[in-house]
Every structure is written in C-alpha cells, then in structure tokens.
Amino acid sequence: MSLNRYESQVREPLVEGSKDYHQITEDICRPVEATPSKLWWVGFIISVGLLIFGVVSIYMDVTYGIGQWNLNKTVGWGWDITNFVWWVGIGHAGTLISAILLLFRQGWRTGVNRAAEAMTIFAVMCAGQFPIWHMGRVWNAFFVAPYPNTRGPLWVNFNSPLLWDVFAISTYFTVSLLFWYCGLLPDLASLRDRAKLKWRKFFYGVASFGWTGSTKHWQRHEALSLVLAGLATPLVLSVHTIVSFDFATSVIPGWHTTIFPPYFVAGAVFSGFAMVQTLLLITRKVLNLEEYITMEHIDVMNKVIVLTGSIVGIAYLTELFIAWYSHVEYEWFAFRENRVNLNSPYGWAYYLMMGCNVLSPQIFWFRKMRRNLLVTFFMSILVNIGMWFERFVIIVTSIYRDYLPSSWSTYYTPTIWEIGFYMGTFGLFFTCYFLFSKFFPVIAMAEIKHILKRSGDSFKENMEKDENETLESFEHANAHH
Amino acid sequence: MAIKKFITGNFYDEAVLFPAVKKVRRAGYKVHDVYTPFPIHGLDKELGMKDTDLHIAGFIYGITGTTTAISFIGWALALDWQINFGGKPFFSLPAWIPIMFELTVLFSAVGMVLTFCWLCQLAPFVKKDHFNPRSTDDTFVMAIECTDKTNEEEAIAFLKNAGAQDVQAQSRETGWWFGRYDRETVQFGKKVAAV
Chain A
1 MSLNRYESQV REPLVEGSKD YHQITEDICR PVEATPSKLW WVGFIISVGL
51 LIFGVVSIYM DVTYGIGQWN LNKTVGWGWD ITNFVWWVGI GHAGTLISAI
101 LLLFRQGWRT GVNRAAEAMT IFAVMCAGQF PIWHMGRVWN AFFVAPYPNT
151 RGPLWVNFNS PLLWDVFAIS TYFTVSLLFW YCGLLPDLAS LRDRAKLKWR
201 KFFYGVASFG WTGSTKHWQR HEALSLVLAG LATPLVLSVH TIVSFDFATS
251 VIPGWHTTIF PPYFVAGAVF SGFAMVQTLL LITRKVLNLE EYITMEHIDV
301 MNKVIVLTGS IVGIAYLTEL FIAWYSHVEY EWFAFRENRV NLNSPYGWAY
351 YLMMGCNVLS PQIFWFRKMR RNLLVTFFMS ILVNIGMWFE RFVIIVTSIY
401 RDYLPSSWST YYTPTIWEIG FYMGTFGLFF TCYFLFSKFF PVIAMAEIKH
451 ILKRSGDSFK ENMEKDENET LESFEHANAH H
Chain B
1001 MAIKKFITGN FYDEAVLFPA VKKVRRAGYK VHDVYTPFPI HGLDKELGMK
1051 DTDLHIAGFI YGITGTTTAI SFIGWALALD WQINFGGKPF FSLPAWIPIM
1101 FELTVLFSAV GMVLTFCWLC QLAPFVKKDH FNPRSTDDTF VMAIECTDKT
1151 NEEEAIAFLK NAGAQDVQAQ SRETGWWFGR YDRETVQFGK KVAAV
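So the protein lines, in turn, are chains A and B.
Here the numbering used here is used: the first residue of the first sequence is 1, the next is one more, and so on.
Here the numbering used here is used: the first residue of the second sequence is 1001, the next is one more, and so on.
In case anyone wonders, no lab produced these hints; they're calculated from the structure.
The beta carbon of each residue, even a glycine, is placed where N, CA and C say it ideally should be.
You may find that some hints are simply not true.
As the list claims (entries may be wrong) - On the chain B side, residues computed to face chain A include the following (Cβ under 7 Å):
1) Tyr1035
2) Phe1038
3) Asp1044
4) Thr1052
5) Ile1073
6) Ala1109
7) Leu1122
8) Tyr1181
Claimed, not checked - Partner residues are not named here, just some residues of chain B that face chain A (Cβ under 10 Å, in silico):
9) Leu1043
10) Trp1081
11) Pro1124
12) Val1126
All chains, full assembly: derive it from the sequences and hints.
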C-alpha cells in the first residue's frame, strides 16, 4: 500500500455517487434556488400557525400574569422549566457535532454539521423564552444584567446558579451563532456568485460579507474554526452543567445530587442527537440529499444515541441506588414514593422516561436497526418524548410533595396557555428551520469539497494508480524541497 | 486602490495547482493570490505565507475576559456592596468560576471573529473582486500581478504551460469598496460589469 492512499479500509464513503466539485455545488444549491415545494409551504404554514398560538399564549401570560398557568406554591416550576431544559438539551448536539467532532477529526461531521448547528441556535432561542416569560413582569427582565442602577447600585448575585445560567446560555447562543455564521460565509459566497436574480445577488452579496476565497483568508478561517471549536467544546459541557446546577445546588430531595452535571450533559447530547435525526431524516428526503447524508451518517449518530442513552440509564440507576444507600429519609421518599411507586400520581411518567430513554435505544446495538430509516425516525421521536419526561420527572416529582404534607400539591396539569406556549416554541423552531432550509445551504459545501478526495465515492475508484505507486516517486512528488 | 493589471488562470485540480504555484514563484512572477472554493492545506506555505497569529489574539481576548469577570465580580461583591450569604466570605472565588469561564469564552470568540473580519476586511455591503466567479464553485484561480518588468504575453504563455486554463489578462481594482453585488460598480470613473 502506498503512502498516498488516503482511503480508509473500514469506513464507507461519506459522499456517494460520482461527484466532482461542481456537482456538489449544484446538488446543495438546488433546493435553495428552486421554488419551494408544496410540502415546504404546508410545513411552513403549520409552523407559523403554531407560532401564532405561542404568541397568543404569551400575550395571555403577560396581560393576566403567571396565574394563567397552573403553577402553585408547591409546584413553582412546571412545564415552563421542563420545556426550557428540554430545549437547551436539544441545543447541545449541534455544537457537539461541529466542535468536539472537529477536534476529534471526525470526517462524517461535515455532512450534518450545518443543519445541526442551525438546529442548536433555534433550540436555544426557544429555550430562552421560558425563563424570560416566566419572570412574569417581563418588562423588568433587564434586572438580570449587572448595570449601574439607582437601587444602590445593588448588583446581581454572582453566586447564584440562576445568574450563571444567564451568562452560560447567552454566551452559548452567541458563540454558536458566530461559529455557524463564519462557516456559512464561503457557502453564501458560492450562492452569490451563482445568483441570476437581482434580489439573490443583493441578499447573498450582503450576507457573504464580500468573501472571495483568498488563500490567506482561508488560512485565517481555518485557524478561527479550530480555536472556536476548542472554545466551544468546554462551553457545550459547561452549559448543561450549569443548567444542572440550578437543581443540584438546591436542597430539594431529588435535586440535591452530585451526579447531575455529567448526567445532564449525557442526556443533552442524547436528546440533541435524536432531534438531529428527526430533522435530517426529513431534510435528506425532501431536499434529495441522500448522497450527502448517507446511511453511514445515520448509523454513526445512532451509535451516539445508544451510547449516551446507556450513560443516562446508568445515571438513573446510580441516582436511585444512592437515594437508598444514603439513608436520607427525604431523598429516599422522593424516589420511592414519588417516582418508582407506579401508583403515585406521577409514577407513570417515571416508567415512561425509563422505557423511552433506557430500554428502547438498546435496539441500536443491532446494525440492521441502526440502518433502518423507519426505526430510526420512530426512535428519534421516542427519545425526545422520553427526554421531555425526564425533565418533567426531575422537576415536578421532586417538588409536588414537599416536607409538609399539608402543602402537598394536588395533581399538577398544564393549562391551555402553558401548552400553547410550548407549542409556540415548536412553531418558532420549525419556522426558523424551514426558512433556513430555504435560504441557506443545509450542508457545508466547502467542507464537503474538502473531504471529497479522501472520502468521496468517485475518487475511491481511481485509487489503483496510488496503490501501485512506489515510495520513491511518492516522495519525489510530495516532499517539500 | 489603484487599478492594476493581472494575468489570471483557472486550475481544475489541486495536483496541477501545487507544481504550478511552485513554478510561477520560481520564475519570479508575483502571485497576487490564489482563490479557492475550499481550504487547501499547504497552499499557504507553498505561496510563502506566514502562519496566522489569530489564535494569539484569541488568547489575549480570552484572558481579558477572565480578568474582567474576576475584577468586576470581586469589586461588586467584596468591596462595593457586601452581602452576607450565610457567613461565607465576601470574596468567594469558587462560586465565580462559572461566570469567569463564560466570559473568557465570550470575549475570546467575539474578539477573534471581529479580528478575523477586520484582517480579511469582511463586512456586510463590502464588495471585492475575485477575478472569476468559478473560484467559489469548483476551480482554483491564480492571479499574477503584472509589474513593470512583466511581459504580458510571456506570462500568459507561462501560465498556460503550467496547466492553467482560460488564461487571460484583466485590469482590476484590488482591495474592497462599499457596494452591492446586484449593482455595477463605478471604480475611479471606470465602469466594471458586476461579477
């Protein structure tokens, strides 16, 4: 084997079919340049409808107060914070794919990173809504910013995990957005230079910042991507760690747990990958991108799902074991009576969570299942339901029965406005995603072109020549003199 | 920016581009730039470029963020307005680590991206000439700058010989200007068609 053979023996090609650079541009730009299909319009209109439902729900909340929700003194955090943690968790896969997998030199990330990063940004936007509107008097939201004020100045409490969360999530959103947009610049320039219509030339001209593809710019771009990836990697881990601190630093039985940070991060990656699967299975089908988001990609992501699902499973069991082993009466009560006891009001939610998150992903140990599109799609939905219930179980079953039985809550169910708010974030998320898939290339063209000669199908066929090359001629051709 | 004359050639394969760059530079031509649709590793070295110092800037922005966080929080909680949280020290460093970390990352990322845009002169409504629109699609475009000593025909022949296609001489204004890509640009009174 020659040194010039840059093909892996065990991995499948990441780009299928005989492609050259131009063909890649054509394939990925086609959905952007074509008029949207009927299916796109249907999806978009449904999303906007949901978004309007959300806006009305928020209007009700702001006008009449948080009393529009079924929260009470005992259950102070219900659907709102559950949804917040759920969306933030989903927002973890994008940066994990683009940053951590970049550092680990995982070639397969190039097919899915753009869409996953976009998903991250939209998910974090949705997540941010919940703590903001939960404030009630939302016009005072700027009080969380440490600015010189007339109240002293009295500063915000920098020792509070809730404030850490404000910093963590706004930083995460900013960095993800910058990372995503820097990667988009070259692709927007490609769209600009292909544009025939006047508004396209204008729009992509402005959006591409005048990118030219100069060698020096590419060198800086590569350095920037690498350092941003290095910064984003601990950032991803920190964000859900800090979200878990919102619970772990309290003294509520069921929340006061040291295992929370790694447990939350694994859960976030788990749910994030499930959402990536949901979106990409639809995207690759609707936009005809099956040659770029291949079975190999789906297979690999399913492996991540079974790994993180199992980590989450171990965390559930550890938590349960420690609650018993600690001999802390209240902790054990919270687990035994509020969760594991199937006859308790929310016992069903605990078993739903266990079934969706721990048991069902185990079918991904089988290659056949990992490569079955229908199973993958079904599982991705199941995991997202399971992960929503995980947050619901953690939040509600820990607080609905507190130390004083007289203040135990009646069965907490959401009002229509709580449901509407949640549906509204779906509307926001999918409206953004539909617009993104219409106006931006959903696959990073420049990055696909970059890996084409290493992992493209068409170039593997031409490997014969390199196979037979001698060491001397390789050295002669490639060494820098 | 002045209008200069360039000889541009299109390359269809990296394997042809690399030896061509070597030959052109050895022959003493001034390579203005090579425009590529994706980053080509090693091309910067081949063109004699130095490594970028962008990551050093990132480090400096990062420690600025850390310092900002610790000095501001320390001042606010330990000096300006002390609040007693269960008798814990006012200067409670461990509790500040999350925000110190977040600001380090935030300053570093935002600073680096702004520096990147500044160095490359990228911004909305900035327009630049890159000789051939195919360089953002599938080909590698090399531009040789004509100096007083350059013989145009000779340079064209040389570039063709090195493997370039659609070789031509173009008069272009380098650098950037404010403009829109859907409009023709007036450069020093001379109209150049929108690329």
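Requested in this report: List in ascending order the numbers of the hints, as given earlier, that are violated by the structure.
Outcome: none
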